Amino acid sequence: MQCQRFTSLTHTQGKLRATAKICTMDKQKAVATLGQNSLLLPAWITAALLANDRLKLYLSVLQSAAAHAADPQAPLPDWSAELRQHGQADLLWLGELAANAFVQDALLVLPQLDALTQAIGDDLQTMAKPVCESGGAPEPALCQRREQWLAFLERLKEQEALHPGDLIALTHGERKAGDSLHLLVMDLHKRLNALSAQIATENIDGAHAWQIDPDDRPLIQAFMRGLQRTAPLKFGHPGLATAVTRHGKKLLIQNDIGTNDAHVLVLEVSAKTVRLTYSDLHQVRFDFFRQQLESLGFSWELLAPQRADGLNQGQPYVLGHATLQVRQPAALLQGLEAAASRIVFLIDWNRARKRLQLFVGKALAIDILSHCAKTEVGHMAWLLAGGEQLVYEAMQAVDSHAFRVGERLDLVLGEAAARQFLQALLTEASIKLRQQLPLAMVQDEARLLLARAMRQRSFEFDLLAEHAALQHALASELCQALAQAGRSEPQNWERTLQRCKAWEHQADQLLTTARERTRRHERWRPLLELLDAMDDAADTLEEAAYLLMLLHTEPLRGLPARIVEALLRLAETTLAAIQDQIKAIEIARHLSLQANRVDEEAFLQALWRTLRAERQCDEHYRQTRVQLVQELAQQPVLFGLGNELAGALEAATDHLLKAGYVLRRIVLGPAGVVT
Numbered sequence: 001m002q003c004q005r006f007t008s009l010t011h012t013q014g015k016l017r018a019t020a021k022i023c024t025m026d027k028q029k030a031v032a033t034l035g036q037n038s039l040l041l042p043a044w045i046t047a048a049l050l051a052n053d054r055l056k057l058y059l060s061v062l063q064s065a066a067a068h069a070a071d072p073q074a075p076l077p078d079w080s081a082e083l084r085q086h087g088q089a090d091l092l093w094l095g096e097l098a099a100n101a102f103v104q105d106a107l108l109v110l111p112q113l114d115a116l117t118q119a120i121g122d123d124l125q126t127m128a129k130p131v132c133e134s135g136g137a138p139e140p141a142l143c144q145r146r147e148q149w150l151a152f153l154e155r156l157k158e159q160e161a162l163h164p165g166d167l168i169a170l171t172h173g174e175r176k177a178g179d180s181l182h183l184l185v186m187d188l189h190k191r192l193n194a195l196s197a198q199i200a201t202e203n204i205d206g207a208h209a210w211q212i213d214p215d216d217r218p219l220i221q222a223f224m225r226g227l228q229r230t231a232p233l234k235f236g237h238p239g240l241a242t243a244v245t246r247h248g249k250k251l252l253i254q255n256d257i258g259t260n261d262a263h264v265l266v267l268e269v270s271a272k273t274v275r276l277t278y279s280d281l282h283q284v285r286f287d288f289f290r291q292q293l294e295s296l297g298f299s300w301e302l303l304a305p306q307r308a309d310g311l312n313q314g315q316p317y318v319l320g321h322a323t324l325q326v327r328q329p330a331a332l333l334q335g336l337e338a339a340a341s342r343i344v345f346l347i348d349w350n351r352a353r354k355r356l357q358l359f360v361g362k363a364l365a366i367d368i369l370s371h372c373a374k375t376e377v378g379h380m381a382w383l384l385a386g387g388e389q390l391v392y393e394a395m396q397a398v399d400s401h402a403f404r405v406g407e408r409l410d411l412v413l414g415e416a417a418a419r420q421f422l423q424a425l426l427t428e429a430s431i432k433l434r435q436q437l438p439l440a441m442v443q444d445e446a447r448l449l450l451a452r453a454m455r456q457r458s459f460e461f462d463l464l465a466e467h468a469a470l471q472h473a474l475a476s477e478l479c480q481a482l483a484q485a486g487r488s489e490p491q492n493w494e495r496t497l498q499r500c501k502a503w504e505h506q507a508d509q510l511l512t513t514a515r516e517r518t519r520r521h522e523r524w525r526p527l528l529e530l531l532d533a534m535d536d537a538a539d540t541l542e543e544a545a546y547l548l549m550l551l552h553t554e555p556l557r558g559l560p561a562r563i564v565e566a567l568l569r570l571a572e573t574t575l576a577a578i579q580d581q582i583k584a585i586e587i588a589r590h591l592s593l594q595a596n597r598v599d600e601e602a603f604l605q606a607l608w609r610t611l612r613a614e615r616q617c618d619e620h621y622r623q624t625r626v627q628l629v630q631e632l633a634q635q636p637v638l639f640g641l642g643n644e645l646a647g648a649l650e651a652a653t654d655h656l657l658k659a660g661y662v663l664r665r666i667v668l669g670p671a672g673v674v675t
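Numbering (the working numbering), first residue to last: 1 to 675.
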């Protein structure tokens with residue numbers, strides 16, 4: 001694999017510069033694996049012609065080595081210029097091979113004969129590939145000669161020296177003297193020139209096309225229109241080269257996407273169908289692209305993970321076929337354009353996902369990338385502007401106390417706010433880099449966006465609201481159960497208890513989350529105190545559900561109707577207090593030091609209604625106890641359970657009152673809103 005040095009793009013004074021190393025991979029193997037060799041013929045011929053030049057160089061060096069070994073005093077050619085010309089400047093050993101050759105016992109000793117024969121064999125296969133493997137009319141004689149000389153070279157690898165006959169067999173040019181490697185190279189070169197004439201190519205809106213029909217042009221132009229609409233979002237990254245040819249009744253379009261050799265796609269276009277074959281090393285990126293095309297109307301057929309010798313070091317890759325069926329030619333053009341516009345978002349997609357996962361979970365990171373593809377802003381600009389470092393610097397600049405080193409954004413801001421911030425940041429990075437604005441503007445934008453997110457964050461209130469909703473579910477379930485006490489089946493009481501236990505467990509989990517956050521950030525301590533009081537209310541409501549179930553467990557058959565009515569008043573008052581708590585939390589979510597008077601008044605009214613509810617429950621509790629004495633004085637079990645049930649409902653409002661005071665202190669205290 002040959003590597004070419006590039007630089008990853010950074011934005012400095014309005015110019016994109018290269019700063020990262022990218023190795024070009026063998027795309028030809030991937031496309032061949034997908035079964036579309038006809039797309040590869042121009043590239044194969046180009047590679048074969050370059051191999052022809054190198055083979056002639058190898059044979060010249062070999063002849064020079066023989067001449068130097070025979071007469072060490074004779075001048076030795078300098079091969080460095082030739083090596084640079086053929087892109088082999090790193091093969092210094094090739095020049096040294098001639099200088100270090102010598103004759104011993106009539107044998108030409110070459111210190112690196114095995115490396116030379118390997119290089120000759122590799123280039124011979126490359127040169128013969130268009131002739132023997134393109135799928136057209138084969139040249140049996142040439143292909144047979146290739147195999148014979150490859151076998152000959154394989155035998156030479158085991159030797160340290162060449163016999164005089166071996167040297168002649170490799171280098172002579174006399175046909176009367178029999179075949180030689182030199183003659184085979186000459187014959188292959190002639191055939192390559194003939195193939196080149198047969199596939200005269202043209203450029204159609206940037207696509208490398210050959211052997212196409214006139215009716216193919218609108219299809220190619222539609223594909224390239226979509227590709228070029230979003231291509232600027234790769235910001236100079238290698239990839240998106242497109243090759244097109246006709247093969248029978250189908251137009252074949254190949255796009256190499258990026259630099260990974262298994263990351264290619266091939267489209268087969270017929271009158272009413274686009275069939276796309278796509279391969280990828282990463283299942284998660286494959287799924288992303290599958291969803292992108294499904295939104296355009298493509299259906300997918302997935303294949304088992306594939307392996308191919310010599311392709312990406314034998315690693316398995318995912319392969320699938322996507323098909324778009326249309327009725328009108330216009331729909332075919334639209335489908336091609338839309339599909340092509342999605343390709344750019346695959347470049348460095350996996351790198352962007354991993355960087356985003358430093359701040360949010362995997363599923364959310366993928367959602368963010370999907371959003372940026374849908375809105376056609378992409379992710380490359382964010383990567384080029386610094387990626388995760390851009391976010392880390394903003395976190396430290398905005399509030400170094402709120403964020404710990406390596407802490408995820410969604411744990412501080414909440415998922416919704418973290419999503420909004422990252423999507424906005426990727427969008428702004430894309431806009432500013434396309435406008436060639438300074439990188440410093442992207443950095444400033446990151447700080448502004450994060451500062452706004454910190455001011456508006458409501459994750460703490462999300463947690464409070466979720467807990468309050470669970471309390472509401474508990475109280476509502478109790479009210480419904482008491483309202484149907486005389487008509488409910490025994491098994492219904494057990495189901496009521498199980499539902500209440502599940503809600504109470506979820507509430508406990510939220511309290512645990514708050515405790516964990518308090519250990520990391522002291523600013524969470526007031527929230528923990530508030531949630532602790534709210535959770536006590538949830539616990540007592542779940543206990544009330546348990547007592548209600550016991551009252552309907554054989555041999556008990558529940559409480560008298562008058563007592564049930566009194567308990568229902570208690571439960572409904574508790575439910576009303578919870579509803580006011582929910583209102584207070586939602587108002588507090590938006591309160592600030594500059595809050596308007598209407599919001600402040602509504603917040604205080606909701607808290608005072610909670611206070612009144614607690615006092616009402618005290619009165620209802622006393623009335624219920626009187627009725628318990630009047631009706632159940634002779635039934636101690638029912639009396640005891642009924643009194644505990646009434647006490648649990650009343651205790652819930654006590655905890656709600658405490659929670660209300662804590663919420664009031666958080667919102668209206670010296671610190672203002674939660675910070």
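Keep in mind that the hints were calculated from the coordinates and are not lab data. Just so we're clear, the structure is a prediction, and the values are computed from it rather than from any experiment. Treat the hints loosely; a few may be bogus.
As the list claims (entries may be wrong) - With a Cα cut of at most 25 Å, we get these calculated DSS-like pairs of lysine-lysine: (1) 56 to 157; (2) 250 to 272; (3) 56 to 250.
Stated by the list, open to error - Label pairs and their calculated CB-CB ranges: (4) 217 to 50: 26 to 36 Å; (5) 466 to 599: 49 to 59 Å; (6) 466 to 654: 36 to 46 Å; (7) 466 to 354: 24 to 34 Å; (8) 362 to 221: 17 to 27 Å; (9) 157 to 104: 15 to 25 Å; (10) 597 to 441: 50 to 60 Å; (11) 165 to 354: 33 to 43 Å; (12) 283 to 597: 53 to 63 Å.
A virtual CB, placed ideally from N, CA and C, is assigned to each residue, including glycine.
Index of numbered hints that the structure contradicts, given in increasing order: 3, 5, 6, 8, 10 and 11
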